[in-house]
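Peer 1: With chain A's structure known, arrange chain B on it following the hints.
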Amino acid sequence: MRINFEHRMAAHCENGVVSNLLRFYGIDLSEAMVFGIGSGIFFTYLPFIKLGDAPAFAFRPLPGHIFKKATNSLGVKIHTEHFRNPDKSMQSLDANLAKGIPTGMVVGVYFLPYFPPQYRFHFNAHNIVALGKEDGRYLISDPVMEGIETLSYDELKKVRYAKGFPQPSGKMYYITKAPQNADIQNAVLNGIKNAVLYMVKLPGPVIGVTGMKYLGNRVKKWPQKFGPKKASRYLGQIVRMQEEIGTGGAGFRFLYAAFLQESAVLLHSEAMDEISKQMTRTGDKWRDFAVAAGRLCKGRETTESYDQIGDLLIELSEDEKQIFLALDKVVKGFKK
Amino acid sequence: MKINEVPQEDANAFEKAFNVLQYAVDDEGKFTTVKSVGWNPKTVVMQNAWDYENEKAEKARELVLAGKRSPLFYHTRKNMMNAWILSGYTGFSIFRVMLHFRPRFFDRLSEKKLKKYADAFNYETPDQLLEIPNHKAEK
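Protein sequences, first through last, are from chains A and B.
Heads up: the first sequence begins at 1 in our numbering, then just goes up one per residue.
Heads up: the second sequence begins at 337 in our numbering, then just goes up one per residue.
So that you can see chain B by itself, here it is in the shape it has in the complex:
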């Protein structure tokens, strides 16, 4: 890759523009580093990966609104976690976390346990766990 071939595309594809270092050859054939703002194929595959995650969150949101899963389930998916990762952050067993994905068990949770879940997601208050958006998530 020559220096003038280093891609500078799609700088505004995501919220925050970010430069990565790329190695490229200068006119004399020597390698140097060049900052690149983005590249179209890379943007496509990254957007695909995010779409997949958003789709999972959207499915979870529908299940929650239908009353089949607890709000915790939606927030787990939104943060791209699963019962295993959440179990690591909270210290609850995987089985218990999965129970808390059910509305029946989630409704009985104490304030203290809700706080643990909120901390796992870096939420300020446990009340944020109960918030389910009315529209599809975009990222």
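Pulled out of the complex, with its shape left as it was, chain A reads as follows:
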């Protein structure tokens, strides 16, 4: 059987899954809107946690955050399940599909057969939706792929039980109840409020714009501290997190600018439209950063140095601070 589920390609897997699932239940939101409502914009630099032999950088909150936040503020009820026994999780999936519920799953990408080989690292927080079973093969809507893909029982079981960090342990989720007319305006305001909290208001040196500043200062010391090879690998890791599959360019900055643009129309706010343009300019700066970092990683003689890159990051942190403080003002203006 096959559920009548519309597959739309998206930049980011989680936004794409949430947007496609919500559309199935009658809430038509674009990927950018889902991203904004789920407060997907973030930055953190955790030098003490190593992922793949490099420090952890993230341009997004923890996997699953966008789904939880977006459904919560739209008033959509969801159900999430983990399973210890792989076969039971597959039975549960089959039962769901038989009932006609498109079911989202968290999988690892390393053993995902249709995934392009160059992206296959041990990354275990990819999101896909199962939308049916034909001839013993599961039909999979993967938002980063152009069309519907298929997986066999064993393949799906393997990726659902990928090991490493984080372990999906067969996590699956689906929507149980969606409201007829969701209050999107309120959800947008909530999403922005939360993003402002993450980016400028949380204390501590590693999260939000302070994290960017901290990283900027740290980057300058990398060549002396780690040597050129390790330093360029760490720098490469930042650019990978920023530009590799699923950010829509510039570490989600363009995606967020697109969200602000749509919200400006929804809320009739010209100030927000202006902020969206500023966000786009910051995104362009992030791309300049990627170009400079890419040249450094290539190891050729260039004019760029780690000092300049660090300064660029500090400049970016200052720009984004202004943007989010301005957003805070706009959102407070809407409060009655």
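To be clear, the hints were calculated from the coordinates, so they are not data collected in a lab.
Quick caveat, the model's predicted, so the values are computed rather than measured.
There may be inaccurate statements among the hints.
Derived lysine-lysine pairs resembling DSBU-like cross-links, with alpha carbons at most 30 Å apart [as the list claims (entries may be wrong)]: (1) B:K395 to A:K230; (2) A:K230 to B:K414; (3) B:K338 to A:K193; (4) B:K366 to A:K277.
Peer 2: For chain B alone, coordinates are given in the frame of chain A:
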């Protein structure tokens, strides 16, 4: 980023070309999505990451050929795993997996246990575990 600025570079840098969606501004200042085949800085850093992994596999290969580690060690590195991840896939404890990285203990492994390791790497037969290439891996 304007639509005409969306990078379309290095389409053939990797075996399989792959489009990703990028957000860009059109002439009226509205955001739309554009497919991008690749971007030079991104290719550079991805290639760097693969070089690092290949280097680790190459070091492991030399150790195996020198008889200091078992073939299992090479295949673990080639699949970008470590004892911890492999322990998760096989159900053996991390300590046991590390013992199996030594030739002495690996040679004594039963067919059944070899099968478990082969399954962890998605190999069809346990014999593939014993294959060590004579040349450096390229990816």
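Peer 1: Next, verify each hint and record whether it holds.
Peer 2: Structure-based check of each hint:
| no. | hint | result |
| --- | --- | --- |
| 1 | B:K395 to A:K230 | holds, 17 Å |
| 2 | A:K230 to B:K414 | holds, 21 Å |
| 3 | B:K338 to A:K193 | holds, 28 Å |
| 4 | B:K366 to A:K277 | holds, 10 Å |
Figure legend: structure checked against the earlier numbered hints; every hint is met.
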